[in-house]
Amino acid sequence: MNFRLLCGAAALALGMAAAPVAAQTIYPIDRASILAGSKFDLKVEFPAMIINAVGMRVTLNGQDILQTGNGNPTFIQAEDGKLVSSLVVRDMSLSTPGTYTLQASDGTNTKSVTWDVYATPANPVAKNVILFIGDGMSVAHVTAARILSRQVVEGKYKSKLTIDSFPQMATIGTSGVDSVITDSANSAHAYTTGHKSTTNALGVYVSRAAVNTAHPRVETLAEIVKRKTSKSVGVVTNTEIEDATPASMTSHTRSRSDYDIIVEQQYNVRPDVILGGGAANFLPKSAPGSRRADDQDFIAKYRAAGYPVATTVGEMQAAAANAGNTKLLGLFHLSNMDGVLDRKFLKANTVKTYPQQPDLTEQVKAAIDVLSRNPNGFVLMVESGLIDKFSHPLDWERAVYDTIMLDNAVKVAVDYAGNRNDTLIMVMPDHTHGINIVGTVDDARTGEQMRDKIGVYQDAGYPNYPAPNAENYPEKVDVTKRLAVFFNNFPDHYETFRPKLDATFNPAVQDPVSKFYVANQKYKDVPGAMLRTGNLPRATGSTGVHTADDGIARGFGPGSDQLKGFVENTEIFRIMATALALGR
Amino acid sequence: MGARVAQVAALLLALTVTAQALPAPLGFSELYVVQGVLDVRFTDKVRKLDGETVRVKGFMAPPLKAESDFFVLSKEPMMVCPFCSSAASWPLDIIVVHLDARAEPVDPATPIMVEGRLEVGHWVDPKTGFVSQLRLRGAKFREL
Ligand SMILES: [Zn+2]
Numbered sequence: 001m002n003f004r005l006l007c008g009a010a011a012l013a014l015g016m017a018a019a020p021v022a023a024q025t026i027y028p029i030d031r032a033s034i035l036a037g038s039k040f041d042l043k044v045e046f047p048a049m050i051i052n053a054v055g056m057r058v059t060l061n062g063q064d065i066l067q068t069g070n071g072n073p074t075f076i077q078a079e080d081g082k083l084v085s086s087l088v089v090r091d092m093s094l095s096t097p098g099t100y101t102l103q104a105s106d107g108t109n110t111k112s113v114t115w116d117v118y119a120t121p122a123n124p125v126a127k128n129v130i131l132f133i134g135d136g137m138s139v140a141h142v143t144a145a146r147i148l149s150r151q152v153v154e155g156k157y158k159s160k161l162t163i164d165s166f167p168q169m170a171t172i173g174t175s176g177v178d179s180v181i182t183d184s185a186n187s188a189h190a191y192t193t194g195h196k197s198t199t200n201a202l203g204v205y206v207s208r209a210a211v212n213t214a215h216p217r218v219e220t221l222a223e224i225v226k227r228k229t230s231k232s233v234g235v236v237t238n239t240e241i242e243d244a245t246p247a248s249m250t251s252h253t254r255s256r257s258d259y260d261i262i263v264e265q266q267y268n269v270r271p272d273v274i275l276g277g278g279a280a281n282f283l284p285k286s287a288p289g290s291r292r293a294d295d296q297d298f299i300a301k302y303r304a305a306g307y308p309v310a311t312t313v314g315e316m317q318a319a320a321a322n323a324g325n326t327k328l329l330g331l332f333h334l335s336n337m338d339g340v341l342d343r344k345f346l347k348a349n350t351v352k353t354y355p356q357q358p359d360l361t362e363q364v365k366a367a368i369d370v371l372s373r374n375p376n377g378f379v380l381m382v383e384s385g386l387i388d389k390f391s392h393p394l395d396w397e398r399a400v401y402d403t404i405m406l407d408n409a410v411k412v413a414v415d416y417a418g419n420r421n422d423t424l425i426m427v428m429p430d431h432t433h434g435i436n437i438v439g440t441v442d443d444a445r446t447g448e449q450m451r452d453k454i455g456v457y458q459d460a461g462y463p464n465y466p467a468p469n470a471e472n473y474p475e476k477v478d479v480t481k482r483l484a485v486f487f488n489n490f491p492d493h494y495e496t497f498r499p500k501l502d503a504t505f506n507p508a509v510q511d512p513v514s515k516f517y518v519a520n521q522k523y524k525d526v527p528g529a530m531l532r533t534g535n536l537p538r539a540t541g542s543t544g545v546h547t548a549d550d551g552i553a554r555g556f557g558p559g560s561d562q563l564k565g566f567v568e569n570t571e572i573f574r575i576m577a578t579a580l581a582l583g584r
Numbered sequence: 001m002g003a004r005v006a007q008v009a010a011l012l013l014a015l016t017v018t019a020q021a022l023p024a025p026l027g028f029s030e031l032y033v034v035q036g037v038l039d040v041r042f043t044d045k046v047r048k049l050d051g052e053t054v055r056v057k058g059f060m061a062p063p064l065k066a067e068s069d070f071f072v073l074s075k076e077p078m079m080v081c082p083f084c085s086s087a088a089s090w091p092l093d094i095i096v097v098h099l100d101a102r103a104e105p106v107d108p109a110t111p112i113m114v115e116g117r118l119e120v121g122h123w124v125d126p127k128t129g130f131v132s133q134l135r136l137r138g139a140k141f142r143e144l
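These protein sequence lines are chains W and L, in that order.
The letter at position 372 of the first sequence is residue 372 when you use my numbering, and the numbering goes up by one with no holes.
The letter at position 93 of the second sequence is residue 93 when you use my numbering, and the numbering goes up by one with no holes.
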């Protein structure tokens, strides 16, 4: 026998005897912060199959979990048919604040995690909470929005954005359990549950379970508000209402792509106001516009549950104006709604097919009108979701116009909150993009290539966008002297140095043979187009990506004083829960 | 004389056969009538061509799996971004193409002409779970 092999085998045997090679995995994870009284599932995954459960012991602060009567325990001896056992305790909750240690032993190995259970004051400081999420909104989006909508002259802005007036501000950490880079499911989940999770997951910790909906769940903001208060809940977006950010209010699945399931879970919670795109997954499969795989008709279900259904801005406003309406379902597009640059100015993308989509400002106005009929208050999430969807394909103009729209929508909420001093408003991204403003592009500048027409430092001067209209938008985006805005991460693509007037930029397409993302030849012949070789992985980098850079959160109103310094994204949930006293 | 008549008849027959086999052109803008978000219908043209051989110009979306005898035909080259759009969020106006023989995929930015038998109505592919409303069966394609 080979000596080295023998030696290795001996070391392995020793290692197994001396220290655990694989210990239990426990959810919620170590260092989780849990709102007192909120529901969560405990899951202990044992590394092997437990034949004799005598040695198995799971304790919470020293007490056998099975003796506490907390939650509904199930012991799964062979999970998903594999030779591994798990203990799942559904719907646990801890009402007394403090430090909890969950210890799990299989008789050989012991593993423990510690949780911080926090309470909230007995009395709420806010009756209403409005959480605005600018999906992917980074510093440059906001700066460009201010330059275009407020104008900057001799170094000073003529006026400020609405969000610029918010007194509280914090930087946010957005990383997830699995990765320093988050996606919109995982990050929105942190806002709506106070727990960190994993890429693409909503309302669950991602365990080894094979089925997307079988992972250990944590209760969402909408569920807690519905269970513990008599407030109304609203979800508003300009993306699909079953897309990650709005879905995080009500969903429990490992995969944000489970649109059919997400629509069903949303219906089970029944937010009072639901406004957005994504009607395709509400229609039964027999309808030509449907994307569902089953026969459920959620339009009919919501109607039967007393929701007026609107599909145009006019219908939405009429329903909102009816003082008898305390619920409203508005679906204005089969998939994502169009961005404001397309809707109001370019008439590109799908605006001609769906000419009556509301603006986010109108959606927010309608939502507040309906929700504020509840004397007990409301919780409303509003997403300006296309900032991200335009930033991925490097289409900064569309992303910035939607940032201006977000600010306009915040103005609607601020006008409502006014001096009421009972409404907490927060505005934040869920993650950032690698976007920067580096100067201007001037068609009049002499230069052989388009890049030579970029002015930096003193040569940048100021762009010549027309003065903004009454809604704060410059009505022309393809001006001769434009902002030079670049993303710092990208696939191979043609940089055209000008806005894409006909449709959203589509920088790269997948090469069918190599499977690598390559520059879309559609833009090759745009005058002055320059090939930029990407700096992202060729096989997966189809568009620009999210970045780990801190996001900036802004707060206004009672309870916003905790928004300061640096906060984990999970703290945003805690701020809302505290303001509403949900952990009483 | 008799031979010529036969020749002409054969030619006419050939022409007729050719005319019958010539697939009807169908454009992406001719698939649906969207009268409202909840009122989407197939066009009369689509319903009339159900079961007929048609030809459609479009782009091959990146294949769902490497070895595939079907693909998604789209109006524009598709951008696929798993973290900004869920796999579920394909646009309405796509056609699923089932090839009669496995073929090498082409550059998604290259326009292609696909010919196949149009199949209209909801169908879930039992192998992939992919939901579609319009399909081309027994299809073949060429680059343009
Ligand atoms: Zn994104």
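Mixed in with the good hints, there may be bad ones.
Said to hold, decoys possible - In silico lysine to aspartate or glutamate, EDC-like type, Cα no more than 20 Å apart, as pairs: (1) W/LYS515 - W/ASP502; (2) W/LYS285 - L/ASP107; (3) W/LYS347 - L/ASP93; (4) W/LYS301 - L/GLU30; (5) W/LYS111 - L/ASP107; (6) W/LYS481 - W/ASP511; (7) L/LYS75 - W/GLU471; (8) W/LYS160 - W/GLU471; (9) W/LYS285 - L/ASP39; (10) W/LYS524 - L/ASP107.
Source of the hints: derived by calculation from the structure; they are not laboratory data.
Original post:
Under the criterion that the straight-line Cα-Cα distance not exceed 20 Å, is the pair W/LYS160, W/GLU471 satisfied?
Top reply: 14 Å, holds
**OP:** Take the C-alpha atoms of W/LYS347 and L/ASP93, compute the straight-line distance between them, and say whether it is at most 20 Å.
**Re:** With a Cα-Cα distance of about 19 Å, the restraint between W/LYS347 and L/ASP93 holds, given a limit of 20 Å.
Original post:
Taken at face value, is the distance from the CA of W/ASP511 to the CA of W/LYS481 at most 20 Å?
Top reply: Judged against 20 Å, a Cα distance of about 35 Å means the pair is violated.
Original post:
Does W/GLU471 lie within 20 Å of L/LYS75 when you go C-alpha to C-alpha?
Top reply: 33 Å, violated
Original post:
If you draw a straight line from the CA of W/LYS301 to the CA of L/GLU30, is it 20 Å or shorter?
Top reply: 31 Å, violated
Original post:
W/LYS111 and L/ASP107: Cα distance at most 20 Å?
Top reply: Violated: W/LYS111 and L/ASP107 sit about 52 Å apart, past 20 Å.
Original post:
If you draw a straight line from the CA of W/LYS285 to the CA of L/ASP107, is it 20 Å or shorter?
Top reply: Distance ~32 Å between W/LYS285 and L/ASP107 Cα, so the pair is violated.
Original post:
Quick one, are W/LYS524 and L/ASP107 close enough, alpha carbons at most 20 Å?
Top reply: 15 Å, holds
**OP:** Compare the distance between the alpha carbons of W/LYS285 and L/ASP39 with 20 Å, and conclude whether the hinted pair is satisfied.
**Re:** 14 Å, holds
Original post:
Are the Cα positions of W/LYS515 and W/ASP502 separated by 20 Å at most?
Top reply: Judged against 20 Å, a Cα distance of about 27 Å means the pair is violated.
When held up to the earlier numbered hints, the structure conflicts with 1, 2, 4, 5, 6, 7 and fits the remainder.
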